[in-house]
Amino acid sequence: MAAAIAIHSVTKTYHRGGESLRVLDDLELQMEAGTFYALMGPSGSGKTTLLNLVGGLDHADAGRVVVGDTDLTSLDGSELARWRAAHVGFVFQGFNLLPVLTARENVELPLLLAPLSKAQRREQAERALALVGLGDRMDHKPRELSGGQEQRVAIARAIATDPQVILADEPTGDLDRTTADAVLDLLQRLNRELNKTILMVTHDPQAAGFADQVIHLDKGKLGRIDRNERPAGARRV
Amino acid sequence: MPWKLLLRNVLGHRLRSALTVLSVAVAVFLICVLHAVTSGLARTLDASAANRLLVQSAVSLYVDLPLSYQQKMAAVPGIEAICKWQWFGGRYEQDKGGFFAQFGIDADTFLRSYPEMSIAAGRYEDFAGQRTACIVGQQLADKYGWRVGQTVPITGTIFTRTDGRPWEFTVQAIYQSRSPSFDEQQMFFHYDYLHESLQQGGAVGPDGVGVYMLRLGPGTDPLAVQQAVDAMFENGPQRVQTTTEAEFNRQFITMLGDVPALLRMVGGAVLFAIFFAVLNTMIMAGRERTRDLGVLKALGFTDATAAGLLVGEALLLCGLGAALGGLLGLAIERPMQAVTAAFLPGFGFDGSTLLLGAGIALAVGVISGLVPGLRAARLTTVQALREVG
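Those protein sequence lines, which keep their order, are chains L and P.
In this text, residue positions in the first sequence follow the numbering used here: the first is 1, and each later residue adds one.
In this text, residue positions in the second sequence follow the numbering used here: the first is 1001, and each later residue adds one.
Don't read these hints as lab results, they were simulated from the structure.
Being a predicted model, the structure only gives us computed values, none of them experimental.
You may find that some hints are simply not true.
Label pairs and their in silico Cβ distance ranges [as the list claims (entries may be wrong)]: (1) L:Leu116 - P:Gly1359: 34 to 44 Å; (2) L:Asp185 - P:Trp1003: 51 to 61 Å; (3) L:Thr13 - P:Leu1374: 19 to 29 Å; (4) P:Leu1015 - L:Ser146: 23 to 33 Å; (5) P:Val1339 - L:Asp139: 45 to 55 Å; (6) P:Ile1332 - L:His15: 15 to 25 Å; (7) L:Asp185 - P:Gly1359: 50 to 60 Å; (8) P:Trp1003 - L:Pro205: 56 to 66 Å; (9) L:Glu79 - P:Met1001: 15 to 25 Å; (10) L:Gly44 - P:Gly1268: 46 to 56 Å; (11) L:Gly34 - P:Met1001: 30 to 40 Å; (12) P:Met1001 - L:His140: 23 to 33 Å; (13) L:His140 - P:Leu1007: 15 to 25 Å; (14) L:Glu79 - P:Phe1272: 37 to 47 Å.
In this text, a Cβ means the ideal position worked out from N, Cα and C, and glycines have one as well.
Next comes chain L alone, as it looks inside the complex (with noise of 0.2 Å):
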């Protein structure tokens, strides 16, 4: 399978008063198009680094991160724009959607940014809603929905451009077991049925357990890297 993501040789280093962290070590890793990976580690493992570096939110001070086709470390900032719109989609711990706009207009967001009419805006954010189980709310503002249908407005945002990739950090950080459960049931058929390929950092094993693989670092050093055994009914293809 092709690799749908390689670090080659990264190193990030933040300095704070003087002092200087080194978040990812020399980190050598690949993953594969298609697959669910889960990213655990300690805090301070470079687990986020490692993800604003894939979704070229941050720049490696030395080495290659590249994603598809696309060496991020040779784009500028707007380039790097260009690219995140098209390419990759992002679900964040805190949901992160703007609380003026309703489900459907955080949804068109990023297709603003795309060659679409506002008809075909409308009916592709519409598309991405009905998707994750929301085309009744579609008119609502995030503080009429739950937490969990919050979680599920930014995955259709996240898919809304129909992106190879979605990053996710800690997407069930702030929600209970059975929504989190249901969001990482939704992540997981994202994969399976529309084979994106998901990195999502988490410390909740139980999350792990829905990835295909769990990818561990430790003090910005790639750790082991499991394999879930994927039950035969999880299938939904």
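With chain L fixed as given, assemble chain P onto it according to the hints.
Below, chain P without anything else, positioned relative to chain L:
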């Protein structure tokens, strides 16, 4: 640019947005009014006639000149006509709070010297032919409902009648003016009537002339006449100061101080106050939206879009304020003109006044939006998302 988001952000804090719009509106309104006053003063001066000189006492405008000066000045080459102006300072009996100017003038030279006047009702000849007649401006006549033939009682404060009764003037003509330097809220009567009353003991008061107006003939050098007249009375009994009408008006306006400079200072203070108010609003908005702007950047929007959202929001607030302030200004223009006609006939909102208001609002909007906008643009996506997380 996500315009809907921009609009929703403004509407999302309705009270704050409404207060900001209102404060910009009040500031723009005030600045427009102040500008209308200063430009009105300038218009009044600009409209002053170039062929009219005014002769007053070199000591003060409040010191009268001898009556005998008129005959001597008539000998100066280039002077075509002379008209006396004497401030009367009376009060109209039915005028409870208002005030209008009354002057004693020479009827035979007055109308020809002020071609900006036109007779709207009655006949100037009737005014010239009747000793106790007066001619009044259209606005003054409208204000008090005066008609031609009506007798107007005026109680003297400088010139009082010895019988204790008010002066009585009969309106024989009503004039209109085409120039902002000559307003329609004045009353003119015969100087000779006043002078004769003083001479015959029918009234008491200073018997002199406040100002002589000299009308120059075509091609006459005003400076030469000014110098000749000033030189003529250099040794008294009263030294005089001869100025152009524009300079006379300018000196009259600045008797209370440099009014335009004072108004500009007040306008500047208003401008600073509103700038900091809008800046404060936008900095608050920028801080509140840090996470939202981080999300937008993560979705692929550029730094310029993040900054543009805040600049656009500030511009929208200031634009609405400017429109409201401008409309308020236009709404009060006519009532203000009625109030200021006597002392500021040139008052009025023109294109430059409204453009100034709009320009100031635009500048305040851009700068106050740019301050948080640049911060938003400089913040990396990770910083913006982390700031609240």
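How the hints compare with the structure:
Between L:Leu116 and P:Gly1359 the beta carbon distance is about 38 Å. The supplied range of 34 to 44 Å therefore holds. Evaluation of the 51 to 61 Å hint for L:Asp185 and P:Trp1003 yields a failure: the beta carbon distance comes to about 36 Å. Range check, L:Thr13 to P:Leu1374: about 27 Å between beta-carbon atoms, so the 19 to 29 Å window is met. The beta-carbon spacing between P:Leu1015 and L:Ser146, approximately 28 Å, falls within the hinted interval of 23 to 33 Å.
Under the hint 45 to 55 Å, the C-beta atoms of P:Val1339 and L:Asp139, about 53 Å apart, fit the expected range. Between P:Ile1332 and L:His15, the C-beta spacing of about 60 Å breaks the proposed range 15 to 25 Å. For the pair L:Asp185 and P:Gly1359, the beta carbons lie near 58 Å from each other, so the given range of 50 to 60 Å is met. A hinted range of 56 to 66 Å for the beta carbons of P:Trp1003 and L:Pro205 is inconsistent with their spacing of about 45 Å.
About 20 Å separates the C-beta atoms of L:Glu79 and P:Met1001, a value consistent with the hinted range of 15 to 25 Å. Between L:Gly44 and P:Gly1268, the C-beta spacing of about 54 Å keeps the proposed range 46 to 56 Å intact. Roughly 35 Å separates the CB atoms of L:Gly34 and P:Met1001, a value that falls within the hinted 30 to 40 Å. Between P:Met1001 and L:His140 the beta carbons are some 25 Å apart, a value that agrees with the proposed interval 23 to 33 Å.
For the pair L:His140 and P:Leu1007, the supplied restraint of 15 to 25 Å holds, since their beta-carbon distance comes to about 19 Å. The supplied range of 37 to 47 Å is met by L:Glu79 and P:Phe1272, whose beta-carbon atoms lie about 42 Å from each other.
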